[in-house]
Amino acid sequence: MQLTLAPHPITDLQFGPNARLDGTVLTVDVAALRQVVLQEASIVDVEFDIVRPGEPCRAGPIFDVIEPRAKEPGTGEDFPGILGAPLTAGTGTTHVLSGAAVSVLAEISPDLTRSATGRVLEMSGAPVTASDYAALRHLIVIPHTKPGLPRPAVEKAYRIAGLRVAVELARSSLNHTPATCESFDPVGPAESGRDGLPRVVYVGQIFSRQRKPEVDEPILYGANTEGMLPIMLHPDEWLDGAIVPSLHSWFGGTETYFYQNHPIILDLYRRHHAREINFVGTVATIAGSDNFDRDRHCRAAANLVKWNLRADGAVLSKYGGGLPHADLAETARLLEGMGIRTAVMVSDVSRDRRIESALLFNVPEVDAIVYNGGNGVRWELPKLERIIAATPEFTKLLTGPLTVDAANIVGVTNQQGASRMRSLVY
Amino acid sequence: MRIAHYLNQFFGGIGAEEHAGKDLEIRDGAVGPGKLLESLMGDNAQVAFTFVCGDNYAVEHQDELTAAVLKKLRDSKVDLFVAGPCFDAGRYGVAAGALCRAVQTELGISAVTAMNEENPGVDLYRDTVYIVDSGINVTKLRDIVAKMAALGKKLAAGEAIGSPGEEGYLRRGWLRDQLVDKSAARRLVDMLLAKIKREPFESEMPATAFAPVPIPAAVKDLSKAKVVLVTDGGLVPKGNPDRIEGTAATRWGAYDIKGRNDLRAEDYEVSHGGYDTRFVQEDPDRLVPLDAMREMEKNGVIGKLHDEFLSTCGRSNPLSNTRRLGREMVEKIKKEGIDAVILTST
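Top to bottom, those sequences are chains A and B.
Number 261 in the working numbering belongs to position 65 of the first sequence; there are no gaps in the numbering.
Number 1066 in the working numbering belongs to position 183 of the second sequence; there are no gaps in the numbering.
Hints are not guaranteed to be accurate.
As the list claims (entries may be wrong) - Far from chain B, some chain A residues (derived; all Cβ distances over 10 Å):
1) P203
2) G288
3) S320
4) K342
5) E378
6) E576
7) L580
8) G596
9) G613
Claimed, not checked - Simulated pairs of lysine-lysine, DSS-like, Cα-Cα distance not exceeding 27 Å:
10) K1109(B) to K960(B)
11) K1141(B) to K1217(B)
12) K342(A) to K592(A)
13) K502(A) to K1141(B)
14) K408(A) to K1121(B)
15) K1036(B) to K1103(B)
16) K1036(B) to K960(B)
17) K1080(B) to K955(B)
18) K1078(B) to K502(A)
To be verified - Examples of chain B residues lying across from chain A (beta carbon under 10 Å, computed):
19) T949
20) V1063
21) A1090
22) R1198
23) T1205
The hints are simulated quantities; they were obtained by calculation from the structure and are not laboratory data.
Keep in mind it's a predicted model, so treat the numbers as computed, not measured.
Glycine included, every Cβ here is placed at the ideal spot set by N, Cα and C.
Using the sequences and the accompanying hints, generate a full structural model.
Quick look at the structure:
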């Protein structure tokens, strides 16, 4: 199993009648995309906009950010299980419009108790240094859904529309020769020639059962994770559309973009190529809703790492809110007990900026912790002329001047490892 | 710069343990380590006066000592208060920390002290006072006083203070966000590889140990006990009259259940964004089990259910906040003569 990525660098997006890629400039055909989006019966209308790095503009609330990618025909499905049959992701060739993104706006706030605005895409000013998304050219998708739909139906329509648009955009690159072709050295528990290098595994949570998933919620190959036990995935499956974030947690610092460009997996690959490690695989797991659930998942995940992947070390990341810290720490504790060294990445839960509120576990074996900050920074955003939002209320709310917590700028407090915001202890 | 310095009887040159009962003495000018401090501060720094006090006297008369020091400093035009270094002398450390904190908060004068990390004064005062890491080796006095001088100068001048590693103080336990060059993913893999290779690595967040909460004595006779239901699951009457926040709540409420045997969905809502609230919304007894408690009341398992339930939202709530909420609830629970509490969480 081996994925080939065919990147086409994009320096600008423009609207025009015929979708095409001229060098590094992508022409976006609104009429065609409209048809793509309106396939979703829940969406009655859609608008599009383009934002570029450095432009004084603001868009929100952001539901998802997706890298435009399309499979070379005949080599697999785009977002298998969601947009097509659940064939194995991570094989064949995937064309990538690198430097571009499709960002989907919502008409609703993700969580009023945390922020009225939800996550905001800010393309200029102080926050741009803290979010990788500010350096991309975004096609903003502004869907308008049928009034009166239940919230999960609305969110699902956003998800599907965003993915479809991302694929459609990237199809413009299919008959073009990519700038380079990138494939990763083979990875797997049985790959030979790496004797003596530490065998390293990534264990990533992809859902938290703090909430029950919707029956038709697409997460892993289109399945909602209900009843799943931890599963071994090839790293290329993560990168190639097997996983998308859950519908509910678009406030949680996880976007499709950083599954496609998963920073932890890419860093493990980098060191695999450098022959620093033997990257032997990944385990996708979920955070439990109670102690029984937690024990089941943590033990199954640890057992896969130990017995199937025979790892020397594992890096672990979490998904969702506070509760998943417990699953993260318990899995790491079990692994340490099996003689497998671990490092874990947590999100910032200290709202009073005290160290005593910073961790939700105290497990002596879990002694290597990377801490994603974010609760201690706020930005004063200026009033801007150009606000992109799905409703007049959000346009008004986002016009500014407004104060925004770092966590409310999309990309700053990413849980997939993209964040460079760190809480230091003083 | 005018400095006031605090020393114990030993460093103040009075004598060892047998003089630990000596009361406060105020001398003009620098004494002992104060002279070193003066010279290391440079720039015409001057130790205006030195407080010398026995260790036993200081802890046994902490309030009087603090009052006397504050009185002397009130109109003294002192820019900086320095205490110690105290090394591993526990009583000395406790007194130094208390004085530094009082001088800072009451008079707005910057303060710095130094202790070994195991000194009991560290845990008591590290969050409010800059405590230079002195270790236990008294022969390193010069290095330690140099660090105190450098940090003291910055504090008195109102300059930004660097990290504990840069400045040499014991971490105060405050978090500051900073953008760093390496992504979290990279740091994560770096840390794992260092750990595998048995190279030194530093966790980005040290674990915090909490004093164990002792298990209280069992309720003697539950059938005579008055019981209250308390939840952090955010159940509130429709309209959320106390405006209990759904994240990091700063308030709690007490809600009347007198004469009711069951909580009806239409009367309540949930202010909590951290769990799937649909099931509680459907039937609030799932979170606050009034129905089950009434049955136990009827069957004589418990004496009486208190006429209100207490509720707040536990989501993402920092300890500084939850401690206060807890204390306030306890006050009420005691006042109401309640014998037992059932806490339901989510």
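Tested hints:
| no. | hint | in the structure |
| --- | --- | --- |
| 1 | P203 | holds (19 Å) |
| 2 | G288 | holds (26 Å) |
| 3 | S320 | holds (17 Å) |
| 4 | K342 | holds (22 Å) |
| 5 | E378 | holds (18 Å) |
| 6 | E576 | holds (16 Å) |
| 7 | L580 | holds (23 Å) |
| 8 | G596 | holds (22 Å) |
| 9 | G613 | violated (3 Å) |
| 10 | K1109(B) to K960(B) | violated (58 Å) |
| 11 | K1141(B) to K1217(B) | holds (19 Å) |
| 12 | K342(A) to K592(A) | holds (22 Å) |
| 13 | K502(A) to K1141(B) | violated (56 Å) |
| 14 | K408(A) to K1121(B) | holds (24 Å) |
| 15 | K1036(B) to K1103(B) | violated (60 Å) |
| 16 | K1036(B) to K960(B) | holds (16 Å) |
| 17 | K1080(B) to K955(B) | violated (57 Å) |
| 18 | K1078(B) to K502(A) | holds (17 Å) |
| 19 | T949 | violated (25 Å) |
| 20 | V1063 | holds (5 Å) |
| 21 | A1090 | holds (5 Å) |
| 22 | R1198 | holds (7 Å) |
| 23 | T1205 | holds (9 Å) |
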